[in-house]
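S.K.: Could you put together the complete structure from these sequences and hints?
Following the working numbering, the numbering of the sequence shown begins with 1 at its first residue and continues without gaps.
Hints are computed from structural coordinates only; laboratory data are not their basis. All values derive from a computational prediction rather than experimental measurement. Any given hint could be a false lead.
Said to hold, decoys possible - DEER-style ranges, computed between Cβ atoms: (1) G108 to R291: 39 to 47 angstroms; (2) R346 to A222: 35 to 43 angstroms; (3) A225 to A137: 18 to 26 angstroms; (4) L296 to L248: 49 to 57 angstroms; (5) S176 to L354: 40 to 48 angstroms; (6) G60 to G108: 16 to 24 angstroms; (7) V280 to G91: 23 to 31 angstroms; (8) E299 to S85: 33 to 41 angstroms; (9) E292 to F70: 56 to 64 angstroms.
Note that beta-carbon positions come from the ideal geometry of N, C-alpha and C, so glycine has one too.
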Amino acid sequence: MSAFMRLASLLACLATSSVALAQPAVPGADVDSLLALARQDNPAFAAEGFETQAARERVGAAGALPDPRFELELMDATNTMSGGSTSVLPGQVGETRYRIVQPLPGWGKRALETEAAVASAAQAEAARDGAWRTLEAAVRSAWLRYYQAEQELQFSREQQTLLRGIEAAALARYRSGEGSQQDVLQAQREASAQRLDVLAIEQRRQAAVAQLNALLGRAPDAPLAAPLAPTPLPARLEFATLVERARLAHPEVRAEAIGVDAARIERERARRERQPDYAVGVTYNRPREGRESWDLMFEMMIPLQQGVRDARERETAALGLAAEARRRAAETRIAGELGAAWSSWRAASDSLQLLRTTLLPQAEAGRDAARAGLAGNQVGVGEVLMAEGQVLDTRLALLQAEIEARMALIELQRLSGELE
Numbered sequence: 001m002s003a004f005m006r007l008a009s010l011l012a013c014l015a016t017s018s019v020a021l022a023q024p025a026v027p028g029a030d031v032d033s034l035l036a037l038a039r040q041d042n043p044a045f046a047a048e049g050f051e052t053q054a055a056r057e058r059v060g061a062a063g064a065l066p067d068p069r070f071e072l073e074l075m076d077a078t079n080t081m082s083g084g085s086t087s088v089l090p091g092q093v094g095e096t097r098y099r100i101v102q103p104l105p106g107w108g109k110r111a112l113e114t115e116a117a118v119a120s121a122a123q124a125e126a127a128r129d130g131a132w133r134t135l136e137a138a139v140r141s142a143w144l145r146y147y148q149a150e151q152e153l154q155f156s157r158e159q160q161t162l163l164r165g166i167e168a169a170a171l172a173r174y175r176s177g178e179g180s181q182q183d184v185l186q187a188q189r190e191a192s193a194q195r196l197d198v199l200a201i202e203q204r205r206q207a208a209v210a211q212l213n214a215l216l217g218r219a220p221d222a223p224l225a226a227p228l229a230p231t232p233l234p235a236r237l238e239f240a241t242l243v244e245r246a247r248l249a250h251p252e253v254r255a256e257a258i259g260v261d262a263a264r265i266e267r268e269r270a271r272r273e274r275q276p277d278y279a280v281g282v283t284y285n286r287p288r289e290g291r292e293s294w295d296l297m298f299e300m301m302i303p304l305q306q307g308v309r310d311a312r313e314r315e316t317a318a319l320g321l322a323a324e325a326r327r328r329a330a331e332t333r334i335a336g337e338l339g340a341a342w343s344s345w346r347a348a349s350d351s352l353q354l355l356r357t358t359l360l361p362q363a364e365a366g367r368d369a370a371r372a373g374l375a376g377n378q379v380g381v382g383e384v385l386m387a388e389g390q391v392l393d394t395r396l397a398l399l400q401a402e403i404e405a406r407m408a409l410i411e412l413q414r415l416s417g418e419l420e
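M.R.: Structural data, given as structure tokens:
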């Protein structure tokens, strides 16, 4: 090969490598990569983020003084005193007054308005955190379904390979006169049934992929990498610790607790409405003929409609009681959901332990004995097929128990936060 051709080959390899490096990795191998995409691209969660940002911006505007008012007053616009004609132009009437008035809310009202805005922003942040926990749980659950379908496909393909071997052995035994045609037909029937199972699993896998892509804001048929094995399940969990963490840190409970504070602020604002608001102003007087002068003005609103304020105070008091009741209801409901998830976790963990340590070894031992018996012409193909089917069913049951335990773990995490 000439030096020119070697150089061209090297450049082509470098170009191919650079293109491969430029292409982003296909997500889906682990759930963390999907969670990063969901936080970035899920439109519903993006809306929650924008609403939280809007609530934060309202804090900066809360408690500000009202805009001042500018007033222009034309005294003796008909010029009756001077005997002139009517005019609406400043300086061409009897006297022109320029006034600036600044409204002043009553004592403490601006601070309460700021506190109310801060509480509203905190509620929006709690709602965003709750939306993220819900989205995270949905992504983790959909990824588990995707992982489950991939594992079932792997089991089914392995089973298909075994069944083809058993079918070939049954056919060879039938041709040699050691087996029956019934054994051959039974092996072929099991192989066909397994192919149907593969089609059903493929359908479930496609549904899981579509659900995952929808949560990530991607096209339903966007590619996903083959899932790797998830992290090991925790050895033990303390229920009392989970309950306490849920009571203190669950976004809904936190939002309802902030709602209680917000209701208290509204009650105080209703009481402050009995205090008057004020306004101050300065006026520049410019007569058509004569000397200019300045006036100062002080204005006070008279809180005369006390019946309206009484109704407002009763309303805010009732809203405060409602907020406290909602907080207690949220704590009770979340504790109940946590108890149900804990029960599911315990049941799935116990089943997983039993299947892994007892039933699966027993099924594998029965399968090995059936294979040995078939090799020694002591058992028929039907017994081998039954033993292989028991191993497959046990493996599928073990996988299902693991998925159920992980689903319960996801629910516990959604309710109480990150699990150690």
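S.K.: I want to verify a distance hint. Is the separation of the beta carbons of V280 and G91 within 23 to 31 angstroms?
M.R.: 26 angstroms, holds
S.K.: I want to verify a distance hint. Is the separation of the beta carbons of G108 and R291 within 39 to 47 angstroms?
M.R.: 42 angstroms Cβ-Cβ, so the 39 to 47 angstroms window holds.
S.K.: Honestly, do S176 and L354 meet the 40 to 48 angstroms range at C-beta?
M.R.: With a Cβ separation near 42 angstroms, S176 and L354 satisfy 40 to 48 angstroms, so the hint holds.
S.K.: Determine whether the Cβ-Cβ distance between E292 and F70 falls within the hinted range of 56 to 64 angstroms.
M.R.: With Cβ atoms ~18 angstroms apart, the hint is violated.
S.K.: Mind checking the hinted window 35 to 43 angstroms against the Cβ distance between R346 and A222?
M.R.: Since R346 and A222 have Cβ atoms about 37 angstroms apart, the given range 35 to 43 angstroms holds.
S.K.: Per the hint of 18 to 26 angstroms, is the separation of the Cβ atoms of A225 and A137 within bounds?
M.R.: 21 angstroms, holds
S.K.: So does L296 sit 49 to 57 angstroms from L248, Cβ to Cβ?
M.R.: Hint holds: Cβ distance 55 angstroms, inside 49 to 57 angstroms.
S.K.: Assuming the hint says 33 to 41 angstroms, is it satisfied by the Cβ distance from E299 to S85 or not?
M.R.: 34 angstroms, holds
S.K.: Please test the hint of 16 to 24 angstroms on the beta carbon pair from G60 and G108.
M.R.: 20 angstroms, holds
Checked against the numbered hints given earlier, this structure breaks only hint 9.
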